[in-house]
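Participant: Letter by letter, the chains look like this.
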Amino acid sequence: AQSVTQLGSHVSVSEGALVLLRCNYSSSVPPYLFWYVQYPNQGLQLLLKYTSAATLVKGINGFEAEFKKSETSFHLTKPSAHMSDAAEYFCAVSDLPDSGGSNYKLTFGKGTLLTVNP
Amino acid sequence: NAGVTQTPKFRVLKTGQSMTLLCAQDMNHEYMYWYRQDPGMGLRLIHYSVGEGTTAKGEVPDGYNVSRLKKQNFLLGLESAAPSQTSVYFCASSRLNEQFFGPGTRLTVL
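In order, the protein sequences belong to chains A and B.
Quick note on numbering: the first sequence equals residues 1 to 118 in our numbering.
Quick note on numbering: the second sequence equals residues 1 to 110 in our numbering.
If you are wondering where the hints come from, they were derived from the structure by calculation, not from laboratory data.
Small disclaimer: the values here were computed from a predicted structure and weren't measured.
Using 25 Å as the maximum straight-line C-alpha spacing, the simulated SDA-like pairs for lysine to any residue come out as follows: (1) B/LYS70 to B/GLY51; (2) A/LYS49 to B/MET27; (3) A/LYS110 to B/GLN85; (4) A/LYS49 to A/LEU113; (5) B/LYS71 to B/VAL60; (6) B/LYS9 to A/TYR39.
To give an idea of the interface, some chain A residues facing chain B are shown, with a C-beta separation under 8 Å as derived from the structure: (7) SER9; (8) TYR32; (9) THR51; (10) GLY111.
Even glycine gets a Cβ: it sits at the ideal position worked out from N, Cα and C.
Only chain A is shown next, with the shape it has when bound in the complex:
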């Protein structure tokens, strides 16, 4: 079974500073990888996904993530934090689909709460 580790349950940055949220996965086969964002009292919204087309993936709101197979990592970055980036961020990895199907179940990390200070 897949597992996902997000280092740091809470990250605090100043507005304009670099954002780095860490995610490591365990798998012998490069999976699909995702970053989701959850704003207070809302559902999860997809930020970006890795599907093997390119190792550097660009997402919405200026975020990007780099897939590094040798490090089994998929860290999320943004060059300059904005107050509106304050939210909880979840890394997720997909299992391979059930045999004969295309159902990709997800395993989520425990989340990292990003605080942005003025």
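Starting from the known structure of chain A, arrange chain B on it as the hints suggest.
Facilitator: Just chain B now, with coordinates in the frame of chain A:
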């Protein structure tokens, strides 16, 4: 397009009561999922469905039942609620490898 909707948004139950959470999607997706979210635990899969009339257990299925009588709806039932089921419940539907989430239902069991 409403996407994925969940009913109700909030609910308070007493221990032993039953209830059903409704998830509906208008994207014609085959796959649907129920998760629970607890502080510091991320999202954990309760049950999922790969098509109308089919369901399967996820990581934490105990105490829950599901049904998928129509392709667009996925119901989550609690037959006898327990305080340990106090959580935020999210439904999702998927097209291939991307899941779309509903806004959640906040359930408190006293």
